[in-house]
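Undergrad: Chains as they are written, first to last, in the working numbering: chain Z, 1018 to 1084; chain S, 2 to 971.
Worth double-checking, as some hints may not be accurate.
Claimed, not checked - Cut-off 20 angstroms, straight-line C-alpha distance, at most; resulting in silico cross-link-like pairs (DMTMM-like, lysine to aspartate or glutamate):
| id | chain 1 | residue 1 | chain 2 | residue 2 |
| --- | --- | --- | --- | --- |
| 1 | S | K619 | Z | D1052 |
| 2 | S | K443 | S | E214 |
| 3 | S | K619 | Z | E1044 |
| 4 | S | K107 | S | E74 |
| 5 | Z | K1022 | S | E74 |
| 6 | Z | K1022 | S | D925 |
Hints were generated in silico from the structure; no laboratory data involved.
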Amino acid sequence: MSPDKLTRMANQIATFFRTQPGPDQAERVAGHLNDYWGPEMRAELKAHAEAHADELDDLVKRALPLI
Amino acid sequence: MKDFIIPWDDDRDMGTRAATGAPVTLSIDGFEVTVPEGTSVMRAAALAGIAVPKLCATDSLEAFGSCRLCVVEIEGRRGTPASCTTPVGPGMVVRTQSEMVKSVRKGVMELYISDHPLDCLTCAANGDCELQDMAGVVGLRDVRYEAPEEGMRTHFATRDTAGGLNPEWLPKDDSNPYFTYDPAKCIVCSRCVRACEEVQGTFALTIEGRGFESRVSAGGVGDDFLTSDCVSCGACVQACPTATLQEKSVIELGTPTRSVITTCAYCGVGCSFKAELNGDELVRMVPYKHGAANRGHSCVKGRFAYGYATHSDRILNPMIRDTIEEPWREVSWDEAIGFAAAKMRGIQQRHGRKSVGVITSSRCTNEETYLVQKMARAVFLNNNTDTCARVCHSPTGYGLGQTFGTSAGTQNFDSVMQADVVVVIGANPTDGHPVFASRLKKRLRQGAKLIVIDPRRIDMVRPAHIEASHHLPLRPGTNVAVVSALANVIVTEKLYDEAFIRARCDWDEFQEYAEFVSDVRHSPEMTEILTGVPAEELRAAARLFATGGNGAIYYGLGVTEHSQGSTTVMGIANLAMLTGNIGREGVGVNPLRGQNNVQGACDMGSFPHELPGYRHVKGAEARAIFESAWGVEIDPEPGLRIPNMLDAAVSGSFKGLYCQGEDILQSDPDTRHVAAGLAAMECVIVHDLFLNETANYAHVFLPGSTFLEKDGTFTNAERRINRVRKVMAPRNGYADWEITQLLANAILKETGGAGWHYTHPAQIMEEIAATTPGFAHVDYALLEERGSVQWPCNDDAPDGSPIMHVDGFVRGKGRFMITEYVATEERTGPRFPLLLTTGRILSQYNVGAQTRRTDNTIWHAEDVLEIHPHDAEVRGITEGSWVKLASRSGETSLRAHLTDRVSPGVVYTTFHHPDTQANVITTDFSDWATNCPEYKVTAVQVGLSNGPTAWQEAYEAQAEHSRRILPAAE
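Next up, chain S with everything else stripped away, as it sits in the complex:
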């Protein structure tokens, strides 16, 4: 056995995928190598440190065997087999560098290079080109093929050798904002096409033509990359061995020379990336192949949409003003912090301890979030802390807490590869969680079945080469009825897993639940009238889920953002327990988290009723831990949630807010009410990258740092704690945790409290681990060693917990909850006959503060209203018409898009753009248990319009007025 493997570059391309079979021993170049059965000879050689030359092989893709560069000799076999497609065998004797294979390789390379331009020095891939590397490795010194003068064509010369125009030459396609396709440099290895199929699952690329005519082609005839189905995930660019598919940033900035592994700051998938730089200039973000959440894949946001970090709108200096009528004044950090501290202190002195509060952000790190809630509890001495998770997954916290005992997804993302039946309910993975969607699609192409429960025909219903077995297009607001109907079928048809229920749940509670859900009012035939879901389709879906093998449920905000959000989460947990789909790979209940650190923000005690680790403030034992750590007395009563803070502000008892990294004015429902709340406060401190919409009502602006500029951790939807690493110095001067500490210390100086003295976020994590049982073993050293770890990570689970509830539920016995359907009070009627539901699209992220400041706007420049052609026709609405969208809360206008993706009676829009302000329309109804807003159901009317409403114009004027900045004083 060869023993000098380490320290090979961990990122080496092993050529083909890892296999998992029984050990097989063979000899490669005289070295004995033992690898799992099913491993290719190429990979076995790579594992032994021998890199066989290759072009069409890469370890993110299935072996293809087209380039013939990786040929080897194998004793007893004829010819020179390709090592990428040849599996190892016991006792096999392989020679990777014989005279024969050297000669074959040189010949192959000579042919490749005869049709490739030799502009290496000025090529964007210079130094990062596998073709260049292979030409070097095989020792290619000259190309003997000479073209006859009377005319011969290549693919790269604009003219043929006789001087005529060369029809084989195709111009560069630079339609995509982030990468170019240069056909002149293509060697037709098909890596891009295979990446688009195997990794991303979009099938946008193909090889058109045969032989010498073979070309990579995006979309159909007349398409370019932008107009094709390409979703700009970057997998093809990543796979391309030459400069054919090349990041525009590399073309502009040069090849990067150093890299830092960090975590994406967009959605809750939490992809690991290599930030590649020259000096402190970021050149590109490349998905990290050992990232446990993304396994080397990415989407358009994480891969390309980071330009906001250097956008000219970014505010880099602190600013203050006495009233929101005044323009902003740029001041020093000292002055801004002093101003803010004095204001907040003064408010508390005049209006009481509880008159101020904080909002933490799911975009910020665990360490920052922990400090912001600590600010409320240990500096302001109240529990007025909430997080934007309030408006997305707070019902997950309540619902899973009640049924399972803790608020978290039960699986890791890898688990989906063992699932047999996947239910996607109220989530749109291809747009909201694209890297997970690619994994899911891959599993579905392998034969797993899919059930989609969504009012819209989301892309997941019928993507390339997959079709959902069942799409249940329910009427918005009827989730509980649908989930109970599924349970009704499972219970009445006796499809439940009795052994699991008896072993893992309370049998008496199950019997009560079974009696409840068996009632005929929950049958699919009875609920069809409410839900609009055909009974037979629902019955078939229930049978498939209960009997189809490993059943996994993935859900999103289409579940939680309802009056009965918490009830639906409990109903989903019931379904998983009924069918025994908890506690092993391939099953589980998986909330898809909207933002990068929703899970972490909840874990860190951001909610006003609980301390870090989901411990209620009423518990003296938990309070004692923090009281001794912080030297303060902690209020045993819950504080105010975001909507309560705004209500209290309007009624005059809440006066000051420190809001880090969240734009409540744009993202929270009923914009007018939020604006009224903010306007009523005496001091609003906004800590953000940009003058967001909330900042229109702020008195202090503290410029934030991007995820590239600070150390910390994010916890993704699989409870995976991933490191965020400082890639460059903060352009605003301080990392966000430092700014919170500055503000805390300025106030503590006034009040005489003990100051904070953190010098690195690792120390904050130490405090978290010391106070929070699920994090007991987490520290930065462990994260350096393992890359990431999934909580709980403590004495009971020193390696972390990929799957939860394996031997028993966190609460002991799983608890079935009665889930009676209650119609939302938001009803359609003659004035507002349609139901509006809202969501996200792939290229934009939430309120768009980041993605609107990138070239992603090319895919989505404005929010549009999706409306069914029938509803459009009776209103005289045609494609692209300006329409007015009105609810009892307010009205706005936007352009219409006619589509049958929505059912008649349902309209849909996104909330990415502040000039549309979809939340002017949404109401203040909310989840009964958690006050999570009911974004997903609003009764509306739609009619033709001439353009923006008076409200939109007034809003725009106010925003412009409020954003004025005076030049800094000399």
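Same shape as in the complex, but just chain Z:
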């Protein structure tokens, strides 16, 4: 799947959860990715993140180890 699209989608999710109250925003981003993205998509995102972490929202980066 296009890494650009995965990045954009993940960052969109992070944008929402950043606005939510509580200390567990990264966990909730991870929860959303685990609930709605198949394992292949999550793996692709992780693989892309290795070389392109700068493209990802900070919350996504914090969520990556949890997905």
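Given the structure of chain Z, go ahead and fit chain S onto it with the hints provided.
TA: Same frame as chain Z, but now just chain S:
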């Protein structure tokens, strides 16, 4: 009390409407009858089994009292009052058949018949004519009035009795494609005019002239039915007691002799119809008066636009081909199923279990949808199942799930009659959900207030005799800002319902939300810059909603099909909770579902992350239920959604698709990307009525059956499970659930899995009920008995659930969600300075596969671009010009229509026609939570054009090439 009521024909016309007052007892023809106060004498008599003769009365309309045929005698009252307009009184003694009233009635009928043609035997209403029936009932044997030879006119003879041309005779108006108006047969009972006003709410008809000159007239001077405001809903035809307004199908085919009650397959209102037939020939569809969703009303689509079922484009034989370059080959069902099974099996063997998937359809029944997702989970052994609800109401599922705990509208449609303030946001009910719109308009005429939030001035803003209190014409893409601004006013002005919030929601979450939404950045004055909605108007709307009594919110795809679709749904739920508008009649949050079975498709586990009944696949308990029922192991990880399937296909990991009843190439965004995805697959199985656009890229075509040809159930927007009944045998040979079963069994035979052995959809519903808690008590016997039932229907709610969240939210406490506005990445700029938004119109339905194959095209033959005159002028565009519409995704061309319904800066079009392909323009942006495409906002440029673009011509050529069919082998 009279006790021999049953078995009266359930469909009897009781003459006037039901009343709800305290019991009143009276005597009718010596029988004691007890009815609610406010009931007419006519209805009371009908309830006792006594049909008082009548012509101008019908129980769908208010009593009118014009025909004088229904006169009765009442002890102690002078004269002969009309029973339709006389309410019952305690102790009243009524005689319906005295010498006096018999004589009056005969006289009345004699006058009617003296001005009515006596061509009964060749009349289209022969056998279905109330005038004919009444002439019989009153015993009219001769008409004494003789016309003098020197000249007298009637309304029906072309010449007067002296032989001159008769100016009173008017020709038949057959301008409407579905019914005729024959003034010669009109008795001026006004039932049609009253139906147009009271039932439909369009006010297209009137009685012109007075006395002998009185005529039914559509529209203004020079109008016929087609050019008038008539929306062809059929209410007038239904109300007409004679052949004056008559279905053309009855004129052509004769009066029907049998009928089957079934459910419309168009929008999410889910109207009940009587399919009326001779043999297996459908003569007409008549709205069923006991249909709980539609209460006897219909729209032009359900009532008339069923001709696609027999259209010559319909494919009736299975077809296969090895590549999409080849023409189709017609083959036997065995060969087609074997071919498809081998292809899908081979793909899985070569590319892995997850390399194939399915798409279920919101047009198909619950039972069919259940089987298609079961195909993914129990045959392909993956969760790659999605539904076209992905592209319409998936944000409703997420948003209402988060806030209330379940994905469904909270009310039944009847509830709107108790609403005091109605908010319509991002929906266009008069076009998308016309039968609900008629109910809403009726309530508004009774005095309820309306707030419309929509970029366009939709018809609901100012229909006949109603005007919205507020229209907030927001800039596309700013829903969240508007909804938060409404909440800002309600919270900062302390208009919220504290008692409700304390009792029903989490008070701490509310306080966090209140703090968030009170911030000045959410105030109407600050958001006006973004949204374009005047702050004062928005403040007034918020105050009205919070303080105006029962507040009900109805919303559509203008809410969901955005980057922040899910956020807006949560914002709407917040508004309802803030104002305590949940859990009783007249209030609630109501998603208007686009297709007949969007609700059902979602309920049935079509989404890749959840099993039937909205249970996530990660839950071991839910998986165990299906694992034991199906004897397979269910993947605990979510599968691919439609856009993910297409992306995966382009990148090479997704190779095979079984697509039932959805045309993703036309209906999904960014057509080029969808085409690329489909072209990259090795096996695309399209299961549909027609060679749709997706079939241009298919290798197997399995011909489908129409809703008239199969048994099943649809679940409408009010969670109402309605029966779809087999009216005729499937012309393609099999009902759709049988075809899915054939394919499943062919694959299971290869893999050694246990085969499926359903012999009737009722058995599939049994399996659904056994596995899905909300459906536990649903079965076909219950539906036969009750007509319909609204889920949840189980031990906790054995009668079903008309209203949800009555005593508490499904999730326990209602949850306020923070809804920060985030601008979509789709922005206007110098290259694409305008915003395109898309929608539907009344006469066409979605991608038009059905309605384009009916006479509905007379109202909408092509998609047009609505553009504000200012935007048109600076581009040199005039009415009807060919214009090119371009976005960063693609370009297409269509004709322009100049209108101030859209604001400057906004253009609008529909997506009903494949040759326009509005989705070439739409982008691949989508809702953050669900990937629901952002159809409603695309930055575009519009310029003059000479005609179709090169892309459109190439597309047309490819489609034509792809649709070639070789003659069947001998």
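Undergrad: Look at each hint and say if it fits the structure.
TA: Going down the list of hints, with the structure as the test:
Of the pairs offered as hints, the one joining K619/S and D1052/Z holds, with about 8 angstroms between alpha carbons and a cut-off of 20 angstroms not exceeded. Note on K443/S and E214/S: the hinted pairing is violated, with a Cα-Cα distance of about 30 angstroms set against a maximum of 20 angstroms. In summary, the hint linking K619/S to E1044/Z is supported, as the alpha carbons are separated by about 17 angstroms, within the 20 angstroms threshold. Restraint check for K107/S and E74/S: the C-alpha separation of about 15 angstroms stays at or below 20 angstroms, so the hint holds.
Simply put, K1022/Z and E74/S have alpha-carbon atoms about 79 angstroms apart, too far for the 20 angstroms limit, and the pair is violated. This hinted pair checks out: K1022/Z and D925/S have alpha carbons roughly 9 angstroms apart, not beyond 20 angstroms.
Consistency with the previously given hints fails for numbers 2, 5, ordered from lowest to highest.
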